[in-house]
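Engineer: Residues per chain, in single letters:
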Amino acid sequence: MIRIDSVTKRYPDGTVAVDRLSLEIPDRSITVLVGPSGCGKTTTLRMINRMVEPTEGTILLDGEDIQRQPVTTLRRSMGYVIQNAGLFQHRTIVDNIATVPRMLGWGKQRARERAAELMERVGLDTSLAKRYPYQLSGGQQQRVGVARALAADPPVLLMDEPFSAVDPVVRKGLQDELLRIQDELGKTIVFVTHDIDEAITLGTMVAVLREGGRLAQYAPPAELLSTPADGFVEDFLGADRGIRRLSFFPSAPLELTTDAVVPADAPAERIAAVRSPYLLVTDPDGRPLGWAERDRPTAGTIGTIEAIGTGRLLPYGRPFVPGADSLRVALDCAVLSPTGWAVAVDDEGRVTGVVSQQTIGEAIRAAHSAGRAEDEKAAG
Amino acid sequence: MSGFFDIPSDLQHSWAGLIGLHMREALLPVAAGLLLALPLAQVCGRFRWLYPPVLGVTTVLYAIPSLAFFVVLIDYTGQTELTVMIPLALYSLVVLVPAIVDGVRSVPDETLAAATAMGFGPVRRYLQVQLPIAAPAIIAGLRVATASSISLVSVGALIGNQGALGNLLAAAQKYDRPELAVNSVLTMAALAVLCDALLVLLRVLLTPWMPRGGSRRKPAARREELTPEGAVR
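Residue numbers (my numbering), protein chains in the order written: chain A, 264 to 643; chain U, 31 to 263.
In case anyone wonders, no lab produced these hints; they're calculated from the structure. The beta-carbon is built from N, C-alpha and C at its ideal position, and this holds for glycine as well. Don't take every hint at face value.
[To be verified] A few chain A residues that don't get close to chain U, going by computed Cβ distances all over 10 Å:
| id | residue |
| --- | --- |
| 1 | G408 |
| 2 | A479 |
| 3 | V592 |
| 4 | V608 |
[As the list claims (entries may be wrong)] Mimicking SDA-like on lysine to any residue, the simulated pairs with C-alpha atoms at most 20 Å apart in a straight line are:
| id | chain 1 | residue 1 | chain 2 | residue 2 |
| --- | --- | --- | --- | --- |
| 5 | A | K393 | U | P241 |
| 6 | A | K393 | U | T237 |
| 7 | A | K371 | A | N347 |
| 8 | A | K640 | A | A629 |
| 9 | U | K204 | U | V185 |
| 10 | A | K393 | U | P38 |
| 11 | A | K393 | U | W239 |
| 12 | U | K204 | U | V84 |
| 13 | A | K393 | U | Q158 |
| 14 | A | K393 | U | R242 |
| 15 | A | K393 | U | V185 |
| 16 | A | K435 | A | H457 |
| 17 | A | K371 | U | Q158 |
| 18 | A | K393 | U | P162 |
| 19 | A | K435 | A | N347 |
Here chain U stands alone, though its shape is the one from the complex (with noise of 0.2 Å):
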């Protein structure tokens, strides 16, 4: 009755459950997040002098416990899961806006040049060069938001039993059982590896284009010295 995988029942979840209701309160945020940051990085790029105001406000954002922000949100959402998914988003923001911007300007001014010249418009080249090119970029960023994200959730038990695998720790204070500690800590932690792993191949998966590690890019190097004049005829 008291084994490693046996939650009390006042969860009213399975451990399957916990964990489905810990990744939807984890990745929808970040998912919200990533759908805000994406407008909003391309006015900051567009509007340079707009970006240091932005990142100054997401930074002291950030900076706001998230203990403190479900305290002032339960006046609005209640003790609900929307309560600890507001801050998660926003605080999935602040990483993602620098990610993309930073991704979006690392477009070298001459692909750019040549985009525009061969009748690509804003919106054309946004979509179909920026973004591409800024892929590795963006993902590294919600590599960051995503195991934030997975690890803040659990801090939802201190309001009301919305910290779904987190509410382990207060069950495990509650009926004097550790294991369900250990159990809420390890399976908090193989989540967010697994998640980071997925993330990891998403991005080798979108990115042919990239020169892997430093084996790859010293044959290409060789070639070039053995064909100077750059042509194969």
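Just chain A, with the same shape it has in the complex (with noise of 0.2 Å):
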């Protein structure tokens, strides 16, 4: 564990970059630093391998103060990470990787196969190996850097608005692959960052400081959306934080409503029988098709739907699939569907159910009372 202990960083023409912060980062998690440009998060990170010195306060590696290690090995047992991955232009991506390996004193060929390992761990081709990073899009060079950071297999990452230098698309895909490489390898990672976004998606611990190195507040992501500490803090998150919270809410407990759901080849008589205006229809393999209106002559009142023929549904939009979304994703797929019902799918891609705008907030405000509850009971 690392443990920031009422630490401050003042330079000597007397701006405090971080003012009495402490902070317990816990093991085998994403600890991620948020906040406004000049908020001392940089600084931060930079006390934690000695980068930049604390003026006063300590920090503790597993008990340890920072400060009682040499400070080569205490960098070089610490991954790190920077804004545009800061390669060495002037050697081959393979070399890139294998520096620290090199120089803790690794045979080359070691280090190389190392190298090549992490390589396709963090996704880039090993036959990218001998290029150099100017031949590499900017995606690849910060994977190349991660790539760099876990070479000699630190217990620690440090990383530096590692993604803010990439567009939208890009950054997304590096964030999902740090998720799935932080399962596999489970390094305590300490995250900068100035997009709130990234610190909800990524942290399992999020700390905004705000200007001046102060803490505003220490909080999983989810109770950072429920219970925001201060203004500043809501300010922070910004407009649409409800909608956001209920990324972690699970879309499991929605009651779905199959009453709706009507095969292609369905008889009259099971079309008539639905009650509700909207009547989704499926191929044979359960598939949605899309939407049909019970009172237009789509179907139900001149017959089946076949007769009609099928290309005249309204499109079904994008399914959500209960066990793995959240209660956000079935809420945006009930917004874009047409006639505001949300289409529920398996693993398969096999409709299992709909289900209206109107359940979903019914659903949302038990979430919210329940979580209401839990919060109440860990405050009690």
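Put the two chains together into one complex, using the hints given.
Structural biologist: As structure tokens, this is what we get:
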């Protein structure tokens, strides 16, 4: 565990970058430091590997003061990933990744094998090994940066806005990849970002810092969204924190209706028996085809759907998977659906039922009150 | 007896011998200038306030005409090769210090921070990261210093036949053989072009990591578009 104990960083000109900051960073999880520019998040990160020395306070790594060990030993036990990757432009990809193992005295062959293994782990084709950084895209360079930081298998990974300089699509890919790698490796990651969405996506714990390097709130992301400590945190979270919070509630408890789901070859009586104004039409395998309106001449009133043709159905939009997706995804599907009903499917894409916006709304209220009860229990 | 390559005997060298002498008088000062410039540039990089005064002093040195420099030095080092080479070394220094300082400063902050974070000490970082990345800028400086040094050696002819190929210019007047002056000028030009080409070749060999021209960069950019997520799985 990394324990930051009332650490202050004051520069000779009097500026205070970090002000009596205390944090306990749990092992094998991602702790995100987030805040506006000038909040001291990067300074805090750099104090952990002593690239910046604190003016006051101590930082303990597994109970031991980091000042007590040689600075190079400390740094080589911590991987470091920086914005724009900071690759050595004059070295090949494989040599970039092998940097720390080589400094630790590994043989050339072993270091290269390790580098190749890491390229695969971060999703880079090993055919890129002999290329130079300029020949790679920004996203690929950032992957090399992550691989280089992991090369000597350090227990701690420090990441300083690593994904800020790439476009949103690449960033999403890199975030997913980081979560996957973290599932496999279980490092203690300290991650700095100014992007609250990134903090909520990645963090097990999120520390929100404000200008002048003071801690505003330190909490798991769901708690941050449900109970921001003050106006600053609330503003920083942005206007749609209610919607974003739904990401933390599962869609599994949603009550699905199967009454309105009919196969395309269903007889007219079956269609006539449907109560809701819309019917979800499926193919013989149970995969969704589209919506039919009961009282329009697309179905119901004049007979079977097959007779009319499925080409006239309304699009069913995006389906959600109740086991895997959150309430936020379910709500999004319902909002996007032309009928206001979301389509639930299983892993194979077969329809398991449909659910209305109203039902989702009730589920949200239920989840909120359950969350409040839990908070009160935790507080009491 | 008066051919293009027949050198008057008072010069005490054949044509090839003059070339060898000329290269030594021109290139040794550049090498000495580089050896002095490296630590000086390192100090200037470390203590930024030092760079403007160092640049000022070296620029003033550069403004002293070579002939005046030679005349002052004759009192100390006599009419020798050394008298020619000392000013040339200082002129090289003037060109090389800013080239190295700018080259070292061109290393991105992220790269330096990453190196420090990986446990590079200052010396290792300078030798393994900053200098190699500054190599193209240093070689660009060496090209200027070398070309000007090769041409300036000829001024040494005025202080007792220490001008190597430049001595041919004096001989051309003395013996009324204009072809010697043509020989002198053409040979020096050829040497300058040859040295320059060698330095360009050296840069190409030292920097396989540099994008070459515009043509190779474009396919790389296209690849980026094809794999927007940046991954090859």
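Engineer: Hints first: check each against the structure and report whether it holds.
Structural biologist: Hint check results:
no., hint, result
1, G408, "violated, 8 Å"
2, A479, "holds, 26 Å"
3, V592, "holds, 21 Å"
4, V608, "holds, 25 Å"
5, K393/A x P241/U, "holds, 15 Å"
6, K393/A x T237/U, "holds, 14 Å"
7, K371/A x N347/A, "violated, 27 Å"
8, K640/A x A629/A, "holds, 17 Å"
9, K204/U x V185/U, "holds, 16 Å"
10, K393/A x P38/U, "violated, 57 Å"
11, K393/A x W239/U, "holds, 11 Å"
12, K204/U x V84/U, "violated, 43 Å"
13, K393/A x Q158/U, "holds, 19 Å"
14, K393/A x R242/U, "holds, 17 Å"
15, K393/A x V185/U, "violated, 49 Å"
16, K435/A x H457/A, "holds, 15 Å"
17, K371/A x Q158/U, "holds, 17 Å"
18, K393/A x P162/U, "holds, 18 Å"
19, K435/A x N347/A, "holds, 16 Å"
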